[in-house]
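**Q** Below, each chain spelled out in residue letters.
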Amino acid sequence: MSGPTLRTLFLAATLAFSAHAIADDDPRIERQDLMKSVREAAKPVGQMMRGDMDFDADTLMSSLETWLDVSTKFGGLFPPGSESGEETEAAPAIWTDREGFDKALAEWQTATQAAIDAKPASLEEARPIVGPVFNTCKGCHDNYRIEEE
Amino acid sequence: MRRPAIVAVALVAVVLVTAWWLTSPQRMAADSLPAHTPDVAAGEQVFWVGGCASCHASPVDGRRAKGEDKLRLGGGLELDTPFGVFRVPNISPHADGIGGWSTLDFVNAMQAGVSPNGRHYYPSFPYTSYAKMRVEDVIDLKAFIDTLPAVEGLVADHSLGFPWSVRRGIGLWKRRYLDTGFVMADMDSEQLERGRELVEGAGHCGECHTPRDGFGGLLADQWLVGAPNPDGAGRVPNITPGGKAVGDWSVSDIAYYLESGFTPDFDTVGGSMVAVQENLAKLPKSDLDSIAAYLKSLPAR
Numbered sequence: 020m021s022g023p024t025l026r027t028l029f030l031a032a033t034l035a036f037s038a039h040a041i042a043d044d045d046p047r048i049e050r051q052d053l054m055k056s057v058r059e060a061a062k063p064v065g066q067m068m069r070g071d072m073d074f075d076a077d078t079l080m081s082s083l084e085t086w087l088d089v090s091t092k093f094g095g096l097f098p099p100g101s102e103s104g105e106e107t108e109a110a111p112a113i114w115t116d117r118e119g120f121d122k123a124l125a126e127w128q129t130a131t132q133a134a135i136d137a138k139p140a141s142l143e144e145a146r147p148i149v150g151p152v153f154n155t156c157k158g159c160h161d162n163y164r165i166e167e168e
Numbered sequence: 024m025r026r027p028a029i030v031a032v033a034l035v036a037v038v039l040v041t042a043w044w045l046t047s048p049q050r051m052a053a054d055s056l057p058a059h060t061p062d063v064a065a066g067e068q069v070f071w072v073g074g075c076a077s078c079h080a081s082p083v084d085g086r087r088a089k090g091e092d093k094l095r096l097g098g099g100l101e102l103d104t105p106f107g108v109f110r111v112p113n114i115s116p117h118a119d120g121i122g123g124w125s126t127l128d129f130v131n132a133m134q135a136g137v138s139p140n141g142r143h144y145y146p147s148f149p150y151t152s153y154a155k156m157r158v159e160d161v162i163d164l165k166a167f168i169d170t171l172p173a174v175e176g177l178v179a180d181h182s183l184g185f186p187w188s189v190r191r192g193i194g195l196w197k198r199r200y201l202d203t204g205f206v207m208a209d210m211d212s213e214q215l216e217r218g219r220e221l222v223e224g225a226g227h228c229g230e231c232h233t234p235r236d237g238f239g240g241l242l243a244d245q246w247l248v249g250a251p252n253p254d255g256a257g258r259v260p261n262i263t264p265g266g267k268a269v270g271d272w273s274v275s276d277i278a279y280y281l282e283s284g285f286t287p288d289f290d291t292v293g294g295s296m297v298a299v300q301e302n303l304a305k306l307p308k309s310d311l312d313s314i315a316a317y318l319k320s321l322p323a324r
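If you read the protein sequences in the order shown, they are chains A and B.
Counted the way the working numbering counts, the first sequence spans residues 20 to 168.
Counted the way the working numbering counts, the second sequence spans residues 24 to 324.
One or more hints might be untrue.
Here are the computed lysine to aspartate or glutamate pairs in the DMTMM-like style, where the Cα-Cα straight-line distance is at most 20 Å [said to hold, decoys possible]:
#	chain 1	residue 1	chain 2	residue 2
1	B	K89	A	D116
2	A	K122	B	D84
3	B	K267	A	E166
4	A	K55	B	D288
5	A	K55	B	D62
6	A	K157	B	D276
7	A	K157	B	E282
8	A	K157	B	D288
To give an idea of the chain B side of the interface with chain A (calculated C-beta under 10 Å), a few residues [to be verified]:
#	residue
9	Y200
10	R217
11	G284
12	P287
13	G294
14	V297
15	Q300
Simulated restraints, written as ranges between beta carbons of each label pair [what the hints assert, rightly or not]:
#	chain 1	residue 1	chain 2	residue 2	range
16	A	R117	B	A58	57 to 63 Å
17	B	P307	A	Q66	21 to 27 Å
18	B	P105	A	R117	53 to 59 Å
FYI, nobody ran anything at the bench for these hints, they're computed from the structure.
What you are looking at is a predicted structure, and each value in this text was computed from that prediction instead of being measured.
For each residue, glycine too, the CB sits at the ideal point set by N, CA and C.
Whenever a hint applies, use it, and build me the whole structure from the sequences.
**A** Rendered as structure tokens:
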């Protein structure tokens, strides 16, 4: 293949990729997808806490890592112009009280990091460490998320 | 022709006297109180089920009180309703609140909806539910509130339109809607009876989850089937086994939701249920199981 053809192909591929990326990059969708992954990670942890599933330190650790990862990305997904549409449940308070929102994010991150550092090895050890993490989920939703029916 | 005039005057007088009598506040007598030694710890549990703090705790920086601030019952929250704005009063043990009230005064407020100076309360204070509580629980509750911080400050009066501004008229409303009997008559176990007492009485779940008729009375034949949201858009969900979400939840799912605030698919509790859930999380697990069992025993609607 000649140089120009290759270059054209490459260019087309790049363009196609970035067009795709733009659609996928909608911060409203991206942040909802992140929260969905947070929910999936929470399910097995909740089942362990309820005693419906045997305690498993690795599963717990992997959920905590997911939350820690999301907590570092989530705050960057609320640019101006993303306040509404795409069924977002983000509350206006995120933009009017950014300081409080960042604090809620930091609380989540701190509680999650503390749980990781504690390396709980049994349900009895995990309960008092996981509870505070779950409370930070509710604390943030209470102020910065509105639930649509 | 004097006679018809006299008859007319007499008729009006009879109507007025009847209306006066029909609307007159009915207080309970002192000797109707049982001999009961107040239990402060039990009273604290009643306080959380009753959700007193959700309305009476003074807001902090315009937001719902959290943590220890829930125990500062200075009032001041505004309830925006179709009838006007209610301003929730101070019920802390300060002279501006209920400091100096007798146990009988308190029981009359909570269960007869009558103030110490003999005026009717508006049912925005959910005494139609509290009327179904055991008197002993109300006495324990007062003992607990008496241990809380005394908060100074009188709250401004409500801003209601006519005729809602006339308290006397509530007497008629009460004759129709104030009922100490339970909605669900037959319960086959002690656990279900406990659940009923918590849900229909102190927990006042029906105040949000049951639709109302045109006068604001709860529709007993649509008990807990869901209702328009009193504070904004959307609906308060149906929590009978016919409910869209709750229908698929087990007793243990419901109990866990009340304890943790997480639904079985790990979404979090929202809206005005957040405060209710935070309160219920302070109850022993057995009580949450009783509430869940009671909800599951309701007819699916």
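**Q** It remains to establish, for every hint, whether it holds in the given structure.
**A** A quick look at each hint next to the structure:
1. K89(B) to D116(A): Roughly 18 Å separates the two Cα atoms, so the pair holds.
2. K122(A) to D84(B): holds (17 Å)
3. K267(B) to E166(A): At roughly 16 Å apart (the allowed maximum being 20 Å), E166(A) and K267(B) satisfy the hint.
4. K55(A) to D288(B): With Cα atoms ~11 Å apart, K55(A) and D288(B) stay inside 20 Å; holds.
5. K55(A) to D62(B): At roughly 46 Å apart (the allowed maximum being 20 Å), D62(B) and K55(A) break the hint.
6. K157(A) to D276(B): Holds, at roughly 18 Å.
7. K157(A) to E282(B): holds (13 Å)
8. K157(A) to D288(B): Holds: K157(A) and D288(B) sit about 15 Å apart, inside 20 Å.
9. Y200: Where the cut-off is 10 Å and the nearest Cβ of chain A is about 29 Å from Y200(B), the hint is violated.
10. R217: violated (22 Å)
11. G284: Cβ of G284(B) sits 5 Å from chain A, so the hint holds.
12. P287: holds (8 Å)
13. G294: Since chain A brings a Cβ to about 7 Å from G294(B), closer than 10 Å, the hint holds.
14. V297: holds (5 Å)
15. Q300: The hint holds - Q300(B) has a Cβ within 10 Å of chain A, the shortest such distance being about 8 Å.
16. R117(A) to A58(B): 57 to 63 Å: holds (58 Å)
17. P307(B) to Q66(A): 21 to 27 Å: Holds, at about 22 Å.
18. P105(B) to R117(A): 53 to 59 Å: violated (35 Å)
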